[in-house]
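So you can see what is in the structure, the chains are spelled out below.
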Amino acid sequence: MRIEESYRNAIDAEFVKVEKYKIYLILLFFPIVSLIISNYTQMDNNSVDFFSQKTTIKQIIASCGMFIFLFLPLMIPSIMHTINTGNNEANSINTNSLTLDYVIVFSKILVSLFYTLIGTFIILLMTALLVLYLHLFAGLALNLEVSVLDNLIFYMLLFPLLVLPYLQLIALIQSFTNNIFLSLIIPFTACLTGNFLYMSSYDILKYSPINLPVTFIKPIISPFFIFSILDFVIILGVCITSILVLSYLIFLRGMNRN
Amino acid sequence: MSIIVNLDNISFSYSKKNSLIEDFSLKIESEKIYCLLGENGVGKSTLLKLISGVESPIKGSVLIEGMDYENDYFAIKENLLAFINEPSFYSHLSASDNLRILCKYRNLPEHGIEEALDFAELRDHKTKFGKFSSGMKQRILLAIIYLVDSKLLLLDEPFSNLDPKIAIKFREFLIRLKNENKSTIILSSHNIREMSTISDYFVFINNGKLIEVVENTGDIDDIEKRILAMYL
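Chains D and Z are the protein sequences, given in the same order.
The end of the first sequence is residue 275 by the numbering used here, with every number in the run present.
The end of the second sequence is residue 289 by the numbering used here, with every number in the run present.
Each hint should be verified, as a subset may be incorrect.
In the DSSO-like style, the derived pairs of lysine-lysine whose C-alpha atoms are separated by at most 30 Å in a straight line are [to be verified]:
id: 1; chain 1: Z; residue 1: Lys222; chain 2: Z; residue 2: Lys266
id: 2; chain 1: Z; residue 1: Lys194; chain 2: D; residue 2: Lys39
id: 3; chain 1: Z; residue 1: Lys188; chain 2: D; residue 2: Lys39
id: 4; chain 1: Z; residue 1: Lys183; chain 2: D; residue 2: Lys37
id: 5; chain 1: Z; residue 1: Lys185; chain 2: Z; residue 2: Lys239
id: 6; chain 1: Z; residue 1: Lys116; chain 2: D; residue 2: Lys37
id: 7; chain 1: Z; residue 1: Lys116; chain 2: Z; residue 2: Lys185
id: 8; chain 1: D; residue 1: Lys39; chain 2: Z; residue 2: Lys185
id: 9; chain 1: Z; residue 1: Lys226; chain 2: D; residue 2: Lys37
id: 10; chain 1: Z; residue 1: Lys235; chain 2: Z; residue 2: Lys266
Quick list of the computed label-pair ranges, beta carbon to beta carbon [to be verified]:
id: 11; chain 1: Z; residue 1: Asp65; chain 2: D; residue 2: Asn108; range: 55 to 63 Å
id: 12; chain 1: D; residue 1: Lys37; chain 2: Z; residue 2: Asn248; range: 21 to 29 Å
id: 13; chain 1: Z; residue 1: Met124; chain 2: D; residue 2: Ile49; range: 37 to 45 Å
id: 14; chain 1: Z; residue 1: Pro221; chain 2: D; residue 2: Lys39; range: 22 to 30 Å
id: 15; chain 1: D; residue 1: Lys37; chain 2: Z; residue 2: Glu269; range: 25 to 33 Å
id: 16; chain 1: Z; residue 1: Gly169; chain 2: D; residue 2: Leu130; range: 26 to 34 Å
id: 17; chain 1: D; residue 1: Glu21; chain 2: Z; residue 2: Gly187; range: 46 to 54 Å
id: 18; chain 1: D; residue 1: Phe46; chain 2: Z; residue 2: Asp65; range: 53 to 61 Å
id: 19; chain 1: Z; residue 1: Gly123; chain 2: D; residue 2: Asn108; range: 26 to 34 Å
id: 20; chain 1: Z; residue 1: Asn248; chain 2: D; residue 2: Phe138; range: 53 to 61 Å
I should point out that these hints are in silico values taken from the structure, not numbers from a laboratory.
Backbone N, C-alpha and C define an ideal beta-carbon position, used for all residues, glycine too.
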């Protein structure tokens, strides 16, 4: 069997395996909760909750950022857990499979990424509908500032960089155990620790001379931790290293099994 | 007749204390049906696992058509179907979905699935595997064997839990596979009378050791005597 055929078949198999109603629930639940919470929570001094109609469009779009930073780390393990359901019980299939283990693992990652993108698309769609509703019925002016668009584009660029290593970490954990709590707690803790470390470095770098020369590109104003191109480079480096290390580990594990 | 499986002085154990299979040598001829006989826990299923590559021997070698698992894993697996212990599939999926997944993992066309399920009399396509009765679980194996062309078939107590009608159909199908498809079948069972209708050879195993290989002459009393003698 050619490797491309292997991947195509393994991805098809994942789509057959997955419990659709669970996935749809997850895909709707997290974006809705994210949107509601982010609109209820004060993100900066100027923002108040959506229902008092003082919400700015900037704030609504920023909720996409909140979704990526806070709700994706919760949504992805749920998706992966659903995709992995019954994986250890189908011995009669696994024994007679001709597909390499690492192909199956990567297929799970790709299918999870697909559903994660759908979840993100749902929150973007809901955000767009909310903005449209506010504009048409609540009389809020559609005043998209450049910085707002910057944020949105930045989140979209950041998305695969944040999600891929996260998916791979969960895939790695779930190849050892299908325990939902472990696959939820370990990456989530890692994510929070990473965010905390990042915030710490941000606080230090903010006033250090090293940050000053990199102002040749306009800093991206964000209600979150991303502040300058230097920060972006740090995140990029961490993400690429994580992707390489975790891919290698999963590949090694797949090779050992076969 | 050529040798399809060659077990050369193999030993296997899960722990250092007790050896489950010890210095076991056996040559399996192609296009024959072999039945492994022995008490529970003597190593019949473990032997099937070693032949199917699920476990590796700690000593000795397992050769399938002259190939070993270390170098030719997929070449061996392509012509092999192994169902060891109880049938276990995705419990949240129906029989046809489970078969679809197996087809995808083996890169096989899916158009024969309905026919295979009909052959195994599993027409209720919506019921999830988790809600199947023991007999229905066993029938999925029949559907898979019907669907997947294999030269070597390893079955662990395939007729347990089957009603007499399906059990007869299963046995007849195995004989057909041997004669028409030139398949070799190794199965384990406790039911000597049932096995005597299809087996060419009986392999007597006790405490992980090969006692003897006896050709099936149809004399069931003789086989029963040999079993009793082995246990004594």
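Each hint tested on the structure:
1. Lys222/Z x Lys266/Z: 35 Å, violated
2. Lys194/Z x Lys39/D: Given pair lysine 194/Z, lysine 39/D holds - Cα atoms ~25 Å apart, limit 30 Å.
3. Lys188/Z x Lys39/D: 19 Å, holds
4. Lys183/Z x Lys37/D: Given that 30 Å is the threshold and the Cα spacing comes to 15 Å, the pair holds.
5. Lys185/Z x Lys239/Z: Violated: lysine 185/Z and lysine 239/Z sit about 34 Å apart, past 30 Å.
6. Lys116/Z x Lys37/D: Violated. Lysine 116/Z to lysine 37/D sits at ~47 Å, over the 30 Å cutoff.
7. Lys116/Z x Lys185/Z: 42 Å, violated
8. Lys39/D x Lys185/Z: The given pair, whose Cα atoms are some 16 Å apart, holds under the 30 Å limit.
9. Lys226/Z x Lys37/D: 36 Å, violated
10. Lys235/Z x Lys266/Z: 27 Å, holds
11. Asp65/Z x Asn108/D: 55 to 63 Å: 27 Å, violated
12. Lys37/D x Asn248/Z: 21 to 29 Å: 42 Å, violated
13. Met124/Z x Ile49/D: 37 to 45 Å: Distance hint for methionine 124/Z, isoleucine 49/D is violated at roughly 55 Å.
14. Pro221/Z x Lys39/D: 22 to 30 Å: 40 Å, violated
15. Lys37/D x Glu269/Z: 25 to 33 Å: 54 Å, violated
16. Gly169/Z x Leu130/D: 26 to 34 Å: The hint (26 to 34 Å, Cβ to Cβ) holds, given that glycine 169/Z and leucine 130/D are roughly 33 Å apart.
17. Glu21/D x Gly187/Z: 46 to 54 Å: 33 Å Cβ-Cβ, so the 46 to 54 Å window is violated.
18. Phe46/D x Asp65/Z: 53 to 61 Å: Given about 58 Å between the Cβ atoms, the range holds.
19. Gly123/Z x Asn108/D: 26 to 34 Å: 28 Å, holds
20. Asn248/Z x Phe138/D: 53 to 61 Å: Holds, at about 57 Å.
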